[in-house]
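Based on the sequences and whatever the hints tell you, model everything.
Residue numbers (this note's numbering): 1 to 139.
Because the hints were derived from the structure by calculation, they are not lab data.
Treat the hints with care, since some could be wrong.
As the list claims (entries may be wrong) - Below, in silico cross-link-like pairs of lysine-lysine (DSS-like), each with a Cα-Cα straight-line distance of 25 Å or less:
#1 K49 to K85
#2 K48 to K139
#3 K136 to K48
#4 K49 to K38
#5 K48 to K80
#6 K38 to K124
#7 K64 to K124
#8 K27 to K49
#9 K27 to K85
#10 K33 to K44
#11 K124 to K139
#12 K33 to K49
#13 K136 to K33
#14 K85 to K38
#15 K33 to K80
#16 K64 to K44
#17 K80 to K136
#18 K41 to K64
#19 K44 to K136
#20 K64 to K85
#21 K139 to K27
#22 K124 to K136
#23 K49 to K136
#24 K139 to K33
#25 K49 to K139
#26 K44 to K85
#27 K64 to K38
#28 K85 to K33
#29 K124 to K80
#30 K64 to K27
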Amino acid sequence: MVFCKKFKYATTKFERKIKKMTENLTKEAFLEKVFNFKENKEWKFEGKKPALIDFYADWCGPCKMLAPILEELSEEYGDKIDIYKIDTEAEQELSAAFGIRSIPSMLFCPTEGEPQMANGALPKADSERVISEVLKVEK
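Printed below as a string of structure tokens:
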């Protein structure tokens, strides 16, 4: 057993292995896992399950406040949704493609239908509501 200082609880090796975390995306990974805007003019979601995509920057205070909430959501929803992060400083083309003008911005991508954008650091309860209403996923 290993003690995790960040979350102040003990975890087994197995529990750490199955813990789901957010994933940072590059442009190439985004084109493969979310939407290939190079080949498609109309929205065509490439994922197998709904996704929440956080557009952030390392220097952004509200983005830093949102990060642990997204990690919690990732753990709580497990394999029901994918939660990705896109660094707007490193991936400026992706930011431009989605018209990101303020951060944090979150793109909610259901498997069917159009994605929806939310601007600002949503509280956890609001994020859960949008996941339920837009992504059609419950815990």
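task: Determine which of the earlier numbered hints do not hold for this structure and return their numbers in increasing order.
output: Hints 6, 16, 18, 21 and 27 are the ones this structure does not satisfy, whereas the remaining hints hold.
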